[in-house]
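Participant: Mind docking these for me? Both chains are given alone in their own frames, and the hints should help you get the complex.
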Amino acid sequence: MKLPALNNKSERPAELNRREFFKSGAAVASVTLAPGVTLMAFGGEASANADPGKRWGMLIDVNKCSTDCNACVTACSEENGWKLDGNPETDPQWIRKIDLKHKETGREASLPMMCQHCETPPCVDVCPTGASFKRVDGIVLVDKHICIGCRYCMMACPFKARSFVHEEIEDQKSNAPRGKGTVESCTLCVHRVDAGRVPACVESCSATGNGAMMFGDLNDPNSEIAQALKNYPSMGLRDDLRVNPGVRYTNL
Amino acid sequence: MDRTVYREVKPTPAIWLMAVIAAAFIGAAGLAVLYIEHHGHIVTGMNNQIVWGLPHVFAIFLIVAASGALNVASIASVFGKIENKPMARYSGLLSIALLAGGLAVLVLDLGRPDRLIVAMTKYNFTSIFAWNVILYNGFFAVVGAYLFVQMARNISPKVVKSVGTAAFVWRLALTTGTGSIFGWLVARPGYDAAIMAPLFIIMSFSFGLAFFILVLGTTFPLTGRYIGPNLVKRLGRLLGVFAVAVLYFTAIRHLTNLYAAEHGDFERFILFSGNIYTKLFWIGQVLIGGVIPAAMLLRHAENTTKGQVILASVLIIIGGFAHLYGIIIGGQAFPLEIFPMYEVTSTFADGQINNYTPTIYEWALGMGGVALAVMIAGMGVVALRILPMNLSDRNIDPTEPDF
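Here the protein sequences line up with chains S and Z, keeping their order.
In case it helps, my numbering puts the first sequence at residues 1 to 252.
In case it helps, my numbering puts the second sequence at residues 253 to 655.
The shape of chain Z in the complex, shown without the other chains (with noise of 0.2 Å):
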């Protein structure tokens, strides 16, 4: 086995130029969030009907997949896994990143985003929403502490695994209220399902390991720092078997809802109505996001390569967009159904599919926080111990079979 050597990455003229990207991308998110508050959200897309937007599957994308960036530290520090040690650091900044993303998106489209200490200082307990303030807050904490013990001198292999199951718990929690945030609105056919919570749990395993594969990946080349085939492969076997999660988990939401025949309008405008819902249903989160890459990670995973591996990741993350895409707005697109059994009509939209078309400004402002969650790890990487040396094969218990 290697020993594992951290160095800090030497910025060079590549790193430079995604930094400049990641700066102008953050910048554009600022412009359109003072446009957006100057002008108020009359110059978004989002409207009565349709209250959380493109923002929204930005957020959560991002703050599911920040949880799900943790796996690798967690198989390592948790399960024993000693392969992804050397990945473990990496693995934590890349979670506080995303989060730190996500949740600047999520505030900065707030109708008051200035009043954020507000949110901060005053609970209503009953709210999911305000144990998430304190979940999101905890995570940074309990992470951060993670990386302290994993990073500092002297320090007991006891003391880093008891920190890593304490983070690792938390994610758990963490994502589960996420979940719940849509799994408790009880009024709204979409949404008000159990299933949302272990869902999410698992939507985040899948893009949080699709993000870091994804990252990993093109750090690695850019830094000039070397990462075993056979370790990429078997995070790409994970992966696969992630993916394959996701869908099982679909399934039985949608199977569930099908046999209610109260949900069986809402399921037809999802599933069968060939509206923009359905299509990123089925060629977005089950072909492009589901099926296709879990079988170019599972079916002869063997011979998978570095290439495919990271190919596949990408799909995930398109499928995973997809997917939250289908859930916050297609269950908002949905009209309510106030009065069943009747057909209404309303200067109110009422039983109306509502429209959505969303504006530059979101897009700016969700990309923002992408840019954001690059720009945190990249600055981490650049001034930290985070990355090792090289990712070799070597570290691959030997006594463990491969496929």
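Looking at chain S on its own, in the form it has when it is part of the complex (with noise of 0.2 Å):
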């Protein structure tokens, strides 16, 4: 078995060796038997079905993002089971609306925030053990099987897009395991990516009729984002980093 060609070493390979094989059977059964009870992944499963040939990304149009509008955090909410339970500093946020007024000209504009899934991402750099890594596909996770909850990667990210689980959790969804103790960010739905569909907060801003959010594949030069990446002027937050973000924003 021929293994693709890695651009950065803490990329993982999508195709499956021997043991990532037996460990991926393990966690598909641990689900299966006993939900809620097993769920510490996003370890080499999660990484096995990523797409070397892709790169998953985001495009958000500031001027279609209203201010009054939530419906992305609310849909991320209920998708991956963390909730504000009233305690703002310690409650964990995956994704953010962040309202934004220019100081010299007034300009005020809202959008969302959430991990910027960076091509060199800032937490996979510093993370001690290797559980903050990136697939190969650009999405950056989090391995709760061996993440020390020692924040590091909190203090590295330049888009405050990480919260660590301060307190016991309850009702766990299945796809979005969680666990005290150890860190946390948006996932980019990688559950719905790799089962064909968008990440839920995009979803939810169509349902809305604002559309502010697109997502798909930036490799693939055809699709919707690459061609609306091309042709109307875009940029990554803290540019200035090259850390290339794969979330990107439009009429910032």
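These aren't lab readings, by the way, just hints derived from the structure by calculation.
Source: prediction; values computed, not measured.
Some hints could be false.
One-sided excerpt, in silico: chain S residues whose CB lies under 7 Å from chain Z [as the list claims (entries may be wrong)]:
#	residue
1	Ile-98
2	Cys-127
3	Ser-163
4	Lys-180
5	Gly-181
6	Thr-182
7	Leu-241
In silico lysine-lysine, DSS-like type, Cα no more than 27 Å apart, as pairs [as the list claims (entries may be wrong)]:
#	chain 1	residue 1	chain 2	residue 2
8	S	Lys-180	Z	Lys-374
9	Z	Lys-374	S	Lys-144
10	Z	Lys-410	Z	Lys-337
We put the CB at the ideal spot given by N, CA and C, even for glycine.
Facilitator: What follows is the structure, encoded as structure tokens:
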């Protein structure tokens, strides 16, 4: 079996070797047999479905994002089972709305902020155990098996996109394993993407009629997102850091 | 020159009392850890904005001081100062004790301390944290070997010097690694600076020597042993130079930041906004931890008394703690600048100055680390021939000018 070439040593191959095959099988079995009990995933099994030819990304049109709309946040919360519980300082927030006002011109805008799924993610660089990792298709995840809860990735993330689980969690979703004492963030709804669907936030944004969020393969020149990026100006946040986010913004 | 005789310390009632107090603090830290692990970090003052809190201030202070506490031994073995040789064993022991105390705090604050074995077996070598795991473990081995060759019979001085040099190089690497934890954080305006590594090295020289003098100055009278005033004076003079060097590196760090418009807001926040970090900087770090002890130790250095040197050491430790609190907590309290030139608001404290109030559990954990270091050092001097019977001024090289 020939493994695909890796661009970055933190990336994981998409094809299964024997060890990963068994790990994957065991994980699927544990999810099936005892949901909610042994769901500590996002290791080899999450990598196995990644296609090295793709780079998943998102384009957000800030002009279409309404200040009073929170649909993407609600959808993410429901899809992945995290919720605001009255403790804004410690509650997890995989995605949040940010309202902006230019200090000089007074221009106002609103946009969703989540893990930017960087090409060279600082969180992956600093993680001592390799729990923070990037799939070959560009999705940045946390392997809950080996996260030790040091929070160095939270210090390193330029976008404050990560949350630490500060207390016991109940009613977990089987597609989004979480654990007290570990770090988590937007998974780009990897379970949906691997099933050929779009992330929950994008779906809900479309459902509102705003259509501010577009999801797709940045590597496919014929994809809608690649065409939009080619034809209209866009930017990544903190482009000065050269981390090349997979989430792009336009009209900002 | 006196012949140096090393003897185990007899556990007097005063030493037993210290051991009981240290054990109480360690016990309290253990309970705090169990409480935090049971309930989660929700019971601490740390949150999603201030992700590293008081335990990290204690831990990094102890780790930085650990490498600095080895100075006295390095000066003896590597740089050949014979007056320091009788103190070299204690210097090595104290450095191991401080590192153990600091690491204990660090790992017990992890979200999943039960997974420590993962940190020991899975390494991501782009992470300075992973390198530090190796540097910290290696430090125990290298300094342990250094202690062994100093204490074993019939070991050639050349071997001692070689192992001492290895320990000296290792400690420089270790502190470089500790400073780079912050220096390599590219996204935060309070960090992302190459000067962090040398700054941490000079901080370790200062804090470590201050800790060494303080512990030596209290252990000796407690055990009825004599220490010469000129020896203490000389250690004090060196400490004064280190304190000035810390001020210098601090000044360069902030001046460089002030020069860059992009870091202006952060510098105004730390230096001029009048908040807790401004007070900690000017009063704690600069005045109490820098200017006052430097003046005490360097102005009329020939007349400095033992008491003044010990007091200056205490001030440097207080200032050092303020310094690290400012770096670690102050650096996180200032918001990330994701959208320059924009005012930002969100449910996740974007654009806000982040608040942090440590709880009793964080204090207990941090103090437990200090107590653990004291306990290990104490057990070491009771069980091993670490401390000399006296530290006479006659060990000072008579050909060297006094001041």
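Participant: Could you run down the list of hints and mark each one as holding or not?
Facilitator: Quick rundown of the hints versus the structure:
no. : hint                    : in the structure
1   : Ile-98                  : holds, 4 Å
2   : Cys-127                 : holds, 6 Å
3   : Ser-163                 : holds, 5 Å
4   : Lys-180                 : holds, 5 Å
5   : Gly-181                 : holds, 3 Å
6   : Thr-182                 : holds, 6 Å
7   : Leu-241                 : holds, 6 Å
8   : S:Lys-180 <-> Z:Lys-374 : holds, 21 Å
9   : Z:Lys-374 <-> S:Lys-144 : holds, 14 Å
10  : Z:Lys-410 <-> Z:Lys-337 : holds, 14 Å
Hint compliance for this structure: every hint is met.
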